[in-house]
Amino acid sequence: MARISSLAEAIKSAVRDSDTVALEGFTHLIPHAAGHEIIRQGRKRLTLIRMTPDLIYDQLIGMGCVAKLVFSWGGNPGVGSLHRLRDAIENGWPHKLELEEHSHAAMANAYEAGAAGLPCAIFRGYIGGDLPKVNANIKRVKCPFTGEELAAVPAHRPDVAVIHAQRADKAGNVMIEGVLGVQKEAVLASKRSVVTVEEIVDQLPKRSLNAVVLPHWTVGHVVEVPGGAFPSYAQGYYPRNNNFYKEWDAISRERDSFLAWMKENVLAKGPEAFAIYARKHRIAAE
Amino acid sequence: MADYKPNEMMTVAAARALKNDDVCFVGIGQPSAACNLARLTHAPEITLIYESGTLVTKPNILPLSIGDGELCETALTTVSVPEMFRYWLQGGRIKIGFLGGAQIDKYANLNTTVVGPYDKPKVRLPGGGGAPEIATSCGEIFIIMTQGKRSFVDKLDFVTSIGHVSGGDSRAKLGVTTKGPSKLITDLALFEPDPETKEMTVVSIHPGVTREQIKENSGWPIKFASKVAETPPPTPRELEVLRDLHARTNQAHAEAA
Chain L
119 MARISSLAEA IKSAVRDSDT VALEGFTHLI PHAAGHEIIR QGRKRLTLIR MTPDLIYDQL
179 IGMGCVAKLV FSWGGNPGVG SLHRLRDAIE NGWPHKLELE EHSHAAMANA YEAGAAGLPC
239 AIFRGYIGGD LPKVNANIKR VKCPFTGEEL AAVPAHRPDV AVIHAQRADK AGNVMIEGVL
299 GVQKEAVLAS KRSVVTVEEI VDQLPKRSLN AVVLPHWTVG HVVEVPGGAF PSYAQGYYPR
359 NNNFYKEWDA ISRERDSFLA WMKENVLAKG PEAFAIYARK HRIAAE
Chain U
896 MADYKPNEMM TVAAARALKN DDVCFVGIGQ PSAACNLARL THAPEITLIY ESGTLVTKPN
956 ILPLSIGDGE LCETALTTVS VPEMFRYWLQ GGRIKIGFLG GAQIDKYANL NTTVVGPYDK
1016 PKVRLPGGGG APEIATSCGE IFIIMTQGKR SFVDKLDFVT SIGHVSGGDS RAKLGVTTKG
1076 PSKLITDLAL FEPDPETKEM TVVSIHPGVT REQIKENSGW PIKFASKVAE TPPPTPRELE
1136 VLRDLHARTN QAHAEAA
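Going line by line, the protein sequences match chains L and U. When we follow the working numbering, the leftmost residue of the first sequence carries the number 119, and every step to the right adds one. When we follow the working numbering, the leftmost residue of the second sequence carries the number 896, and every step to the right adds one.
So here's chain U without its partners, still in its complex pose (with noise of 0.2 Å):
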């Protein structure tokens, strides 16, 4: 029996496919944890930068809301954030955007706006807040999130923003020139598009996770690269990195009460 749980596999491996010379644009949440995992193991010098304007920031702590102070007095600069979204994002200046989603489809499209109709929701979700152009901006996507036959979805309630279309060429005929979703980091496995038909497939199973696991967490019918790898389970220090990160940002937020 393991040491640790799914979801620390998860970002520790969202974590890896990070690298030291990356731009990256975080979201809250499980992306800012492996980010952060990241720069404080293999990836010192990575760039971080969060939508509320903060860029090349080093928090010692997560933060629980996008904008809290901890990234800004951390941060090598605070821009406003329509230069954010103008500037650094729309012109370019990022290489990875690094999302989650309620609701995912095989091609890598995230519904974080409604579940049921729009106008009458069975659930309504906090919705897109930067990703529509997160998603076309950045040079390529990452996406990290916990499987599920809710959450994997063979047809999104509502598109917020997208991946791989309809999978092929489709993202390209739409104009968008940037990659969109190149990894989708799993508390089972890894997914990388098809070369061809860009639909997200396992490339990597997490140690002691089986393939039927895989099938039974998803609302499509998942498919297997020709050759999938084992994922390396988290080393002592990747798990230790990340606890005492938790630790701390636990305790901080208590602190602040």
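In isolation and in its complexed conformation, chain L is listed as follows (with noise of 0.2 Å):
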């Protein structure tokens, strides 16, 4: 059942250590604002689980909170490598970082049969390549009914989803508009979870009947963080800071400058830091 709080009860209450955890996002609507407050509150020995890990993933994994990735894509979108990922991978630094390496394919079905209540996701896929080597997780199966070999996955079953939305009522019913990715089946997937949202508003808006809405006993922790998508986007609200994106290349590739940024931005700041960006465009927009 839906509960409104603030960002850092709903963490608090909701992220543990050790928990496996996804936060989700496909380029929009990526909650950076919840991934700062779980660095914030320290969580160690996550696993983290995303088909696209980015900034903020980068950003858990330098700080030493994560023991475990799984992913099928981890870069900075169209600029290059994710340094702290990287460094982690090629050096241990700060920690050894254990890797289960999957395709979009395999996470998209993962995730949707953890939200269809099943133990495994099959799809025809996963052929020729050398992913099943290096990924026990990766295994085949025969179709019963015509003989064809396909693949097959666990189910991802998060301890806690986290994602990003415009707008939920007051009653936590939470709206998703745009770019989708994989959030509604993230959420549905896992035990908990943690919705921030650009605004809570007493009715959601006039929609589209078959509109993407996540029912208030299906979320967990809703909470309003404008602008807590920044330097994704949410659509309707601000665009994607492509600049801060390819700034981020720079800051993030050496660790001290990473550490310090850190400080400054997130281990000094809370979530009411984000809003800046979210009434900036909304002034200029006006």
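It is worth saying that the hints were derived from the structure and are not from the lab. C-beta atoms are modelled at their ideal positions from N, C-alpha and C, and glycine is treated no differently. Accuracy of the hints is not assured; some may be wrong.
Short derived list, chain L residues pointing at chain U, Cβ under 7 Å [as the list claims (entries may be wrong)]:
no., residue
1, His146
2, Trp191
3, Gly193
4, Gly196
5, Ile207
6, Ser221
7, His222
8, Glu230
9, Ile245
10, Val252
11, Val297
12, Leu298
13, Gly299
14, Tyr351
15, Arg358
Just the calculated beta-carbon pair ranges, DEER-fashion [to be verified]:
no., chain 1, residue 1, chain 2, residue 2, range
16, U, Pro939, L, Thr264, 37 to 45 Å
17, L, Ser131, U, Pro901, 30 to 38 Å
18, U, His937, L, Trp211, 23 to 31 Å
19, U, Arg988, L, Gly210, 37 to 45 Å
20, L, Lys398, U, Tyr982, 32 to 40 Å
Listed below are the simulated EDC-like cross-link pairs for lysine to aspartate or glutamate, each with C-alpha atoms no more than 20 Å apart in a straight line [to be verified]:
no., chain 1, residue 1, chain 2, residue 2
21, L, Lys214, U, Asp1014
22, U, Lys1017, L, Glu372
23, U, Lys1017, L, Glu218
24, L, Lys364, U, Glu1150
25, U, Lys1015, L, Glu218
26, L, Lys324, U, Glu968
27, L, Lys214, L, Glu267
28, L, Lys398, U, Glu1150
29, U, Lys1068, L, Glu267
30, U, Lys1015, L, Glu216
31, L, Lys251, U, Asp1052
32, U, Lys1017, L, Glu216
33, U, Lys1122, U, Glu1094
34, U, Lys1017, L, Glu208
35, L, Lys214, L, Glu372
These two chains come separately, so use the hints to put the complex back together.
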């Protein structure tokens, strides 16, 4: 049942050390503010799941919160490497990072299977390549009807899903618009969830009859954090800050510059620091 | 001296490979530039699909990431990522997959995972993303890559997605029914698979490029088809549209800051 709370309370209550956590978002609606709160609260030994780990996972990994990463594409899109992720894999800094590597198709199917309450996902994939050689969780099953060999991976069943959305109403019904990614599936596959939103409104706005809505009884904590997806974007609220993604390349390249940035911009701040990004564009649009 | 860059020739040659009635699954970066150049020149009705779920999208600027708002706002509709991979890709609705990679071998198998051993990589690359299933589920595959000894290798460090596997009928023997890589477009030449061996073979050389250059920029001994054409240079219109597209993109990215 949805509970409206502060971000600090939500993360304290929902995310525990050694949990399996999926902070999802596919370029759009990436829950940066919630990720920062996890770092501030000093969570350790997390297993993080994400199709496209990007800057917020780079930050969580670089700050030593993560023991294992389950993923399918880990980079700074259109820019290059995630330097903190690479430093963890290539040099074990700040500590060793275990990897479970999949393809996008496998990850998307695994979330859907989790949401559907199934133990595994079956799909046509992983043919001929090397990923099955390095990931013991990729198996093959035979279709009982046609005999076709198909790929199988375990369903994703995270302890916690963390997502960002545009709006929730006061009951905690959450509405998502634009590029949807796997956020609905991630929440429905998880035991607990934290949803940050641009705004909590009295009533969800007039919408398509088929709008994507997570009903309040499927959602855990709902937190209003305007700008909480920055430097990712919130369709209808503010655009992706592509320049920040480019700047992150230099900030994150060296351990010292990374730690200094994190200290100044994450450890010394709170979720209210994100509001400026939402406000800036709303004013510009008026 | 030509008034265009090898990179522009590559994008133009890749765009020309696309037709108006194609349905194309677009990767970010070079493939995205080529697909949108095709749409803005000779193939205005081409269907472009990005793995973020955007179906029939017509971006005015090139996205930096695969799920930029520009793609969603200009799309016919946007579906969830599981639907994208299940109904549209796995369901066989996509004719051409357009890929790039860090390493390629002569059978157009691709590596985007690691340089060096998997457990102790010299360079950790982003990983496969959608490529492993794009490579086998799309009707055929076009690949766009800049040539060089480090990227065109005799043996891949890791096979992220398959092309023609070990040549001949080895791809079909794995149970894959799609065609696989049918074109490889580089900054120097255009390659197509040999009908028998499936080795990627030069069929057209870009203007001003020598056979020696193509050989020097590859880790395997390059084969040339019995009849090799010269790629027509970019037309003024192709260059104008491509440069406008990049200029609009750079301006938009700077404004959003």
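Outcome of the hint check:
no. : hint                            : verdict
1   : His146                          : 5 Å, holds
2   : Trp191                          : 4 Å, holds
3   : Gly193                          : 3 Å, holds
4   : Gly196                          : 4 Å, holds
5   : Ile207                          : 5 Å, holds
6   : Ser221                          : 4 Å, holds
7   : His222                          : 4 Å, holds
8   : Glu230                          : 4 Å, holds
9   : Ile245                          : 5 Å, holds
10  : Val252                          : 5 Å, holds
11  : Val297                          : 4 Å, holds
12  : Leu298                          : 4 Å, holds
13  : Gly299                          : 5 Å, holds
14  : Tyr351                          : 6 Å, holds
15  : Arg358                          : 6 Å, holds
16  : Pro939/U / Thr264/L: 37 to 45 Å : 40 Å, holds
17  : Ser131/L / Pro901/U: 30 to 38 Å : 57 Å, violated
18  : His937/U / Trp211/L: 23 to 31 Å : 50 Å, violated
19  : Arg988/U / Gly210/L: 37 to 45 Å : 43 Å, holds
20  : Lys398/L / Tyr982/U: 32 to 40 Å : 38 Å, holds
21  : Lys214/L / Asp1014/U            : 12 Å, holds
22  : Lys1017/U / Glu372/L            : 17 Å, holds
23  : Lys1017/U / Glu218/L            : 19 Å, holds
24  : Lys364/L / Glu1150/U            : 14 Å, holds
25  : Lys1015/U / Glu218/L            : 15 Å, holds
26  : Lys324/L / Glu968/U             : 19 Å, holds
27  : Lys214/L / Glu267/L             : 35 Å, violated
28  : Lys398/L / Glu1150/U            : 13 Å, holds
29  : Lys1068/U / Glu267/L            : 13 Å, holds
30  : Lys1015/U / Glu216/L            : 12 Å, holds
31  : Lys251/L / Asp1052/U            : 13 Å, holds
32  : Lys1017/U / Glu216/L            : 17 Å, holds
33  : Lys1122/U / Glu1094/U           : 16 Å, holds
34  : Lys1017/U / Glu208/L            : 7 Å, holds
35  : Lys214/L / Glu372/L             : 18 Å, holds
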